[in-house]
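K.L.:
For reference, the chains in residue letters:
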Amino acid sequence: MSPLKKLLEIGSSPHISSGASVDNIMFNVVLALLPVTIFAVYAFGTGAALVLAAAVLSCVLTEHVLCKFAGQPTTVGDWSVAITGLLYGLTLPPDLPLWMVFVGGAFGVGVGKFLFGGLGMNAFNPALVARAFLQAAFPQAMTHWQMPFIDDRFTHIPSSVLAMPFAEPVYDAATQATPLAQMKFEAVFAADAQLMYGLTTGSVGETCGVLILLGGIYLVARNMMNWRIPASIFLTVAVMTWIFQQIDPQTYPGPLFMLFSGGLMLGAVFMATDMVASPITHIGCWLYGLLIGVLVVVIRFWGGMPEGVMYAILLANAVSPHIDNLIQPRVFGTGRKSG
Amino acid sequence: MLDFAKRDSFPHGIHPPENKDDTSGLPIRQFPFAPVLIVPLSQHLGKPAKPVVREGQEVVRGQTIAEADGFMSVAMHAPASGTIRRIGLAPHINGQMVEAVYLEPLPASTQEIADGEPCDVESATPDEIVTAIQRAGIVGLGGAAFPTHVKLRPPEGKTLDTLFINGVECEPYLTTDHRVMLEQTEDIFMGIRYLLKVTQTPRAVIAIEANKPDAAEKLAAAVPEDLPVEVRVSPVKYPQGAEKMVIKALLGREIPSGGLPADVGAVCCNVATTAEIGRLLPRGRGIQERVITITGPGVSKKGNYRIPIGTTVRFALEQCGAVEDISRVFMGGPMMGPSVSNLDIPITKGTSGITAFTAAETGGSTGHRKVYPCIGCARCVEACPLYLNPSQLGILAKFEQYEQMADDFHLMDCFECGSCSYVCPSHIPLVQYFRMSKKMVRKMRAAA
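Heads up: the sequence lines are chains F and P, in that order. Quick note on numbering: the first sequence equals residues 1 to 339 in this note's numbering. Quick note on numbering: the second sequence equals residues 1 to 448 in this note's numbering.
Hints are computed from structural coordinates only; laboratory data are not their basis. Keep in mind that a hint or two might mislead.
[To be verified] The calculated DSSO-like cross-link candidates involving lysine-lysine, where the alpha carbons are at most 27 Å apart (straight line), are:
1) LYS398(P) x LYS68(F)
2) LYS151(P) x LYS438(P)
3) LYS197(P) x LYS218(P)
4) LYS439(P) x LYS370(P)
5) LYS6(F) x LYS301(P)
6) LYS370(P) x LYS68(F)
[Said to hold, decoys possible] Pairwise CB distance ranges, derived in the manner of DEER restraints:
7) GLN72(F) x ASP344(P): 39 to 45 Å
8) ARG330(F) x VAL371(P): 27 to 33 Å
9) ASP22(P) x GLY71(F): 47 to 53 Å
10) GLY252(P) x VAL210(F): 38 to 44 Å
11) ASN94(P) x ARG330(F): 31 to 37 Å
12) LEU7(F) x LEU45(P): 30 to 36 Å
13) LEU45(P) x VAL65(F): 54 to 60 Å
C-beta atoms are modelled at their ideal positions from N, C-alpha and C, and glycine is treated no differently.
Model the full structure from these sequences, guided by the hints.
P.N.:
This is the structure:
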């Protein structure tokens, strides 16, 4: 039979594609997070490992169950909920009770993502929604900071991690205030190098700024991350901090301290860049980063809390659609912007 | 990312694999005559031509078989010596049935081409050249099939400063313009003489992409001393061959939204079209064949062919050896070429190639891949050569907000280059949405 006798298929042009796919991008984000994740387990031991596992499990399970419940095919295969889970785990204290981790993960994915309509529709970064929920529900447990590199971290599971639901957690690991809390409440500034290489207390995956940057560079090199957003945040925070340091070096720390302390690095590189919840144009991204940067500095310097990255990003997420409405690309052959 | 640093190119755009190596080195060969040639009376934008032959009549190759009906129309010529069997409906690549002349070539004929009334470049007036181009049935051979004579005269009150001869050929797989530039160099310069006279432009620029260095060298070396022609080579990027892009790349000027090249003092003519003008006008002939590339993994005898207008896709594929697992065939290249829904569709003046894919290639194309929701990655925004917002347009299309798409987001500027769909990691068929939305807008505007 001639090959032309059989049915040929038809389809809309273009008939070729770049081969890019959502699941591949998401998988690469997970890859980019691996160095930070491994370092987190190395620095904080079994507690961090359990918290991370619980975070990923809670998010993935929640999405899978909700999809089944809604009668849809499950969407966990696109890897996006895995990122949510991993990022969420990386923002938690290393000795947080696991039941809290599960509650937060279910809330973040259920309310922060699924109720909004799933992937592509979430107005806020679901990992931060989960964390914000825990911060409001369990403020004490969420500000309890295990020391890194304690000797028995691989052999001993912090008892708080295994606390029964709604029971008062018992803390048995050595703790220390975070560098930002020390700055805020004691006017003590940690050394920049300690912050960069992750030798301080903090959330599971926020401490080692160098590795976070490495992951970010990998994603930018593969065109899977908009570098303008972290660049804009870094610039804003650095410039504002430098100005205030010039005014009063006793009260205000230097730019490097601000960039590498707290959740700024993790937030700027991996959370603010959530494609769904950030603007689509270049100018929009610069503005969005500027907003986050200003909010972070304002909250850290003059707010009631030592850290403000999470709220800064969530607020900017809320503004992002408005930035997109306001700033559209200038269409070829027109002097004005469309939209 | 650093487009502004690149010279002689335009911002945004994409870099699909070129896949031109299979055919770019193959000289143009004459294609055999099919048992029946189907010549549609509407192969161009505008009014269909008026047939001047009747069923049963014998015609000579090159003879005019249909005349232009008004200014927005061109003539048609017999692609072979033979007998007119029928004048009736035939399938067209746009999915509709159109009037066509069915011609049965005479096997015994020598297939000499009939000459017509010559148009001498030295003595002819611009108006005479315009008429000669229309009579020769010349349309844009790059794919748009816009009647060439319509756009050549400078509009009232405007002067044109640059004539672009477009040899960019940015579509992957296609190598017709490349071969024409190598093999019809003299024809091209003759064509430029006609065009310079009609358009009254002081200079011509031949635009070529860097993947055709041999063509650029050959043309640059062959520029006649008395012709103000410059050969410019741009870095490879899709869709640089689009009129708006090539003018932006080489002149830095933006054709206004909804405007014409004349609005920025330019006029564009495809290089193969130019070569045909130079080849046909001195002998008063018309277009009865054209150069096309038949290529892709779906055929075994790939090549560049001078093929009679009206040859069906079926005959072309049979001659070129369709392979066992051929699965999708389209006219033109893979970025903009429409799928062939019927193998009896004839090759027309606007057909620059036939590309055949096998299942291995189509597995990665529309209809085969899982579609995800838009994640706002902005790759389409970075790719769109017209700086539109395909992401937003795609969402609006889903909600059938056609008016808003056209009024607020310049939908009607989209020329369906396919860059957005190509890069979309969510595999959203954006161009398909836009094509349909544009049709809806036109319908609504016509009804209003």
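K.L.:
Straight-line Cα separation of LYS370(P) and LYS68(F) no greater than 27 Å?
P.N.:
holds, 19 Å
K.L.:
Does the alpha-carbon distance linking LYS439(P) and LYS370(P) stay inside the 27 Å limit?
P.N.:
Holds, at roughly 26 Å.
K.L.:
Take a look at whether the Cβ-Cβ distance between GLN72(F) and ASP344(P) falls inside 39 to 45 Å.
P.N.:
holds, 43 Å
K.L.:
For the hint 47 to 53 Å, verify it against the beta carbon of ASP22(P) and that of GLY71(F).
P.N.:
holds, 48 Å
K.L.:
Can the suggested window of 54 to 60 Å be confirmed for the beta-carbon pair LEU45(P) and VAL65(F)?
P.N.:
Check passed, 56 Å falls within 54 to 60 Å.
K.L.:
Does the structure keep LYS151(P) and LYS438(P) at a Cα separation of 27 Å or less?
P.N.:
holds, 24 Å
K.L.:
Take a quick look at whether LYS398(P) and LYS68(F) sit within 27 Å of each other, Cα to Cα.
P.N.:
Holds, at about 25 Å.
K.L.:
Taking only the CA atoms, is the gap from LYS197(P) to LYS218(P) under or equal to 27 Å?
P.N.:
With Cα atoms ~24 Å apart, LYS197(P) and LYS218(P) stay inside 27 Å; holds.
K.L.:
How does the Cβ-Cβ distance of ARG330(F) and VAL371(P) compare with 27 to 33 Å: does it lie in that range?
P.N.:
holds, 30 Å
K.L.:
For the pair supplied as a hint, LYS6(F) and LYS301(P), confirm whether the alpha-carbon distance does not exceed 27 Å.
P.N.:
Holds, because 20 Å separates the two Cα atoms, which is no more than 27 Å.
K.L.:
Within 31 to 37 Å or not, the Cβ separation of ASN94(P) and ARG330(F)?
P.N.:
Once the Cβ atoms are compared, 33 Å apart, the range 31 to 37 Å for ARG330(F) and ASN94(P) holds.
K.L.:
Is 38 to 44 Å right for how far apart the beta carbons of GLY252(P) and VAL210(F) are?
P.N.:
holds, 43 Å
When each numbered hint is compared with the structure, no violation occurs for any of them.
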